[in-house]
Amino acid sequence: MKMEKMPLVTTTSDGAFWKNTYEKFEARVYVPKSPLQGDILNYGFNAPYLLVFAEKALDEAEQVAFARQHGFEKLAADFDSSVVFISPLDEGSGQPCDWASAAPDILSEIISNSKIHQYHKDGVVIASNVFRHAIDGYFIRGAIFRILLCGFGTGADYIAENCLHHFEGDGLWGRSDLAPATCLLTGLSVAPEVGADDIPVISYGNRAEANELFESRCKHFLKREAAPSAQEFLSDYYSFARQFRRMNGPLQIDPDLEKDGLVIEPGIAEVKTSPDNCGDDKGSKTHKIGYFAFYNKGLFESEAENATNAEKTAGGVPLVLGFHGGGDSCFFFATMAGWAKICHRHNFLLVTIENHLNSTATEMVELLEILKKKYPIDSSRVYATGFSMGGCKTWDMIQEYPEVLAAAAPMDATFDVGCNVYGNKVVSIGPDGHSNTAGSINTTEPVPVFYAGGEVTPLPELPFQAQKCLDRMAYTLLLNNAELADRYEEEVKLENKDKWENKIWGINGDEVETSYDESRDATLTMQKFRSTDGRILSVFASISGQGHDCREHTCEHAWNFMSQFTRK
4 MKMEKMPLVT TTSDGAFWKN TYEKFEARVY VPKSPLQGDI LNYGFNAPYL
54 LVFAEKALDE AEQVAFARQH GFEKLAADFD SSVVFISPLD EGSGQPCDWA
104 SAAPDILSEI ISNSKIHQYH KDGVVIASNV FRHAIDGYFI RGAIFRILLC
154 GFGTGADYIA ENCLHHFEGD GLWGRSDLAP ATCLLTGLSV APEVGADDIP
204 VISYGNRAEA NELFESRCKH FLKREAAPSA QEFLSDYYSF ARQFRRMNGP
254 LQIDPDLEKD GLVIEPGIAE VKTSPDNCGD DKGSKTHKIG YFAFYNKGLF
304 ESEAENATNA EKTAGGVPLV LGFHGGGDSC FFFATMAGWA KICHRHNFLL
354 VTIENHLNST ATEMVELLEI LKKKYPIDSS RVYATGFSMG GCKTWDMIQE
404 YPEVLAAAAP MDATFDVGCN VYGNKVVSIG PDGHSNTAGS INTTEPVPVF
454 YAGGEVTPLP ELPFQAQKCL DRMAYTLLLN NAELADRYEE EVKLENKDKW
504 ENKIWGINGD EVETSYDESR DATLTMQKFR STDGRILSVF ASISGQGHDC
554 REHTCEHAWN FMSQFTRK
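Per our numbering, the sequence shown starts with residue 4, numbered consecutively.
The hints are simulated quantities; they were obtained by calculation from the structure and are not laboratory data. Worth double-checking, as some hints may not be accurate.
Stated by the list, open to error - DEER-style ranges, computed between Cβ atoms:
no.: 1; residue 1: S131; residue 2: E196; range: 37 to 43 Å
no.: 2; residue 1: R227; residue 2: N251; range: 27 to 33 Å
no.: 3; residue 1: A469; residue 2: A60; range: 50 to 56 Å
no.: 4; residue 1: P253; residue 2: R490; range: 42 to 48 Å
no.: 5; residue 1: D180; residue 2: N427; range: 39 to 45 Å
no.: 6; residue 1: G426; residue 2: E196; range: 47 to 53 Å
To be verified - Here are the simulated PhoX-like pairs of lysine-lysine, each with C-alpha atoms no more than 20 Å apart in a straight line:
no.: 7; residue 1: K5; residue 2: K22
no.: 8; residue 1: K375; residue 2: K300
no.: 9; residue 1: K36; residue 2: K124
The beta-carbon is built from N, C-alpha and C at its ideal position, and this holds for glycine as well.
Generate coordinates for the entire structure from the input sequences, incorporating the hints supplied.
Okay, structure coming up:
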């Protein structure tokens with residue numbers, strides 16, 4: 004039973020409330036007021052998915068009191084998130100029942116009806132499909148890979164008997180292995196059935212027998228002898244539970260980059276809406292763009308105080324503009340593609356752009372100028388990268404504004420040459436801000452390019468899969484004056500791909516380098532194409548066993564390639 008329309012939302016001075024009935028449970032959602040500007044900046048990837056199994060269904064006033072007492076209200080507000088209260092329903096009648104009579108697979112149904120997405124309001128995901136111009140459904144807003152399952156009394160008993168194990172369900176990318184990221188249990192009266200040792204458990208006020216069992220079977224366990232205060236719970240979350248994430252089966256432990264000196268700074272800028280904008284702000288005079296800046300503490304101070312004369316002459320620090328995939332967010336991209344860790348290791352400024360499909364390449368150039376006023380950016384060392392639709396946005400920058408880029412690393416996506424991220428023909432924007440000629444793209448200004456795609460992706464990313472991918476590689480080689488550009492254009496035909504010397508790219512590069520990714524048991528193969536000036540300006544890379552994905556190992560190589568270049 005899916006949520007087919009936006010639920011009725013009520014608001015009070017505390018926040019927003021709504022509820023919806025599913026087949027095996029009812030969700031009552033409390034969205035506390037938050038100081039964060041969540042309509043522009045998306046914190047959903049980092050937010051804990053607070054699922055509360057209380058002993059009884061709570062009305063709105065009781066939800067607020069309960070969430071406030073236990074620290075859930077403050078935690079949800081910290082991430083512009085929600086507190087989701089779950090009550091069981093009888094499978095046959097659909098009427099409320101007690102936890103002892105509840106279906107054993109309620110968590111699976113919750114996950115099937117939960118999602119994070121760029122479009123959301125009042126704790127509801129509105130799954131707008133920008134390609135079909137339709138809504139694919141409504142969901143409880145929550146990251147299923149950060150489930151914090153909180154049980155009290157009989158609700159804790161239910162979790163202890165039914166949720167401390169892995170199961171198959173609707174994951175992020177189809178059917179997959181699932182389990183909570185963390186379980187918090189208060190007031191247990193049953194012996195827990197621990198079916199997996201990788202499910203972290205927080206035990207509050209439980210009997211010694213239960214705690215001894217948790218300690219013996221759980222790799223990650225925290226206990227308090229009594230129920231904590233709200234502040235104590237928050238301390239336990241930030242010091243213990245926050246680090247856990249479960250994308251697709253195995254538990255992952257995120258490093259605390261902020262504790263290690265990485266600054267994560269939100270920002271919002273207002274830009275003029277360009278005439279080729281076909282996003283949500285089409286037709287407006289101006290609109291706001293959200294972004295997150297990632298940089299090491301002291302980066303700008305060291306540049307100002309300790310830089311050599313040559314570095315000072317260069318004018319500041321290198322910048323990487325990062326564009327997330329369609330439906331994703333800044334934090335999803337910075338974490339999943341590893342760019343936050345890469346900027347931390349290599350000491351550059353990373354700025355990821357939120358909901359960039361609502362902005363154009365022209366608007367990105369204006370944003371860049373705004374960023375230069377805020378941060379000491381070296382204009383000769385500006386780079387762009389992106390995954391999927393963010394890769395397409397990176398291609399937009401290459402073909403529309405090459406003069407601002409020292410190098411670029413589009414990943415896992417192409418549109419037809421000459422088309423922008425909206426699938427429309429590129430238009431030239433004149434000095435007056437109005438569109439000029441159609442189809443005017445860069446054909447003369449080389450931009451070093453590192454392009455990568457998965458070898459088993461279901462989407463067209465590589466030349467053997469689609470003509471548009473082949474055309475984009477030919478465009479890149481011609482743009483960068485590759486010695487093999489003419490041969491590529493003459494010999495590599497999609498209809499003859501069974502005869503290609505290289506089954507993925509058509510021909511081999513002048514140099515080939517491979518790099519093994521131990522974390523994924525995959526090999527990155529890089530075909531390097533030499534330009535007529537002797538430099539390697541074009542790298543086409545493929546990753547064995549990879550579908551539609553963007554990995555830190557690949558992005559590390561992309562940075563190593565891009566950072567060689569400056570824009571004169």
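Tested hints:
no. : hint                     : result
1   : S131 to E196: 37 to 43 Å : holds (41 Å)
2   : R227 to N251: 27 to 33 Å : holds (31 Å)
3   : A469 to A60: 50 to 56 Å  : holds (52 Å)
4   : P253 to R490: 42 to 48 Å : holds (44 Å)
5   : D180 to N427: 39 to 45 Å : holds (41 Å)
6   : G426 to E196: 47 to 53 Å : holds (52 Å)
7   : K5 to K22                : holds (13 Å)
8   : K375 to K300             : holds (18 Å)
9   : K36 to K124              : holds (12 Å)
Hint violations for this structure: none, all hints satisfied.
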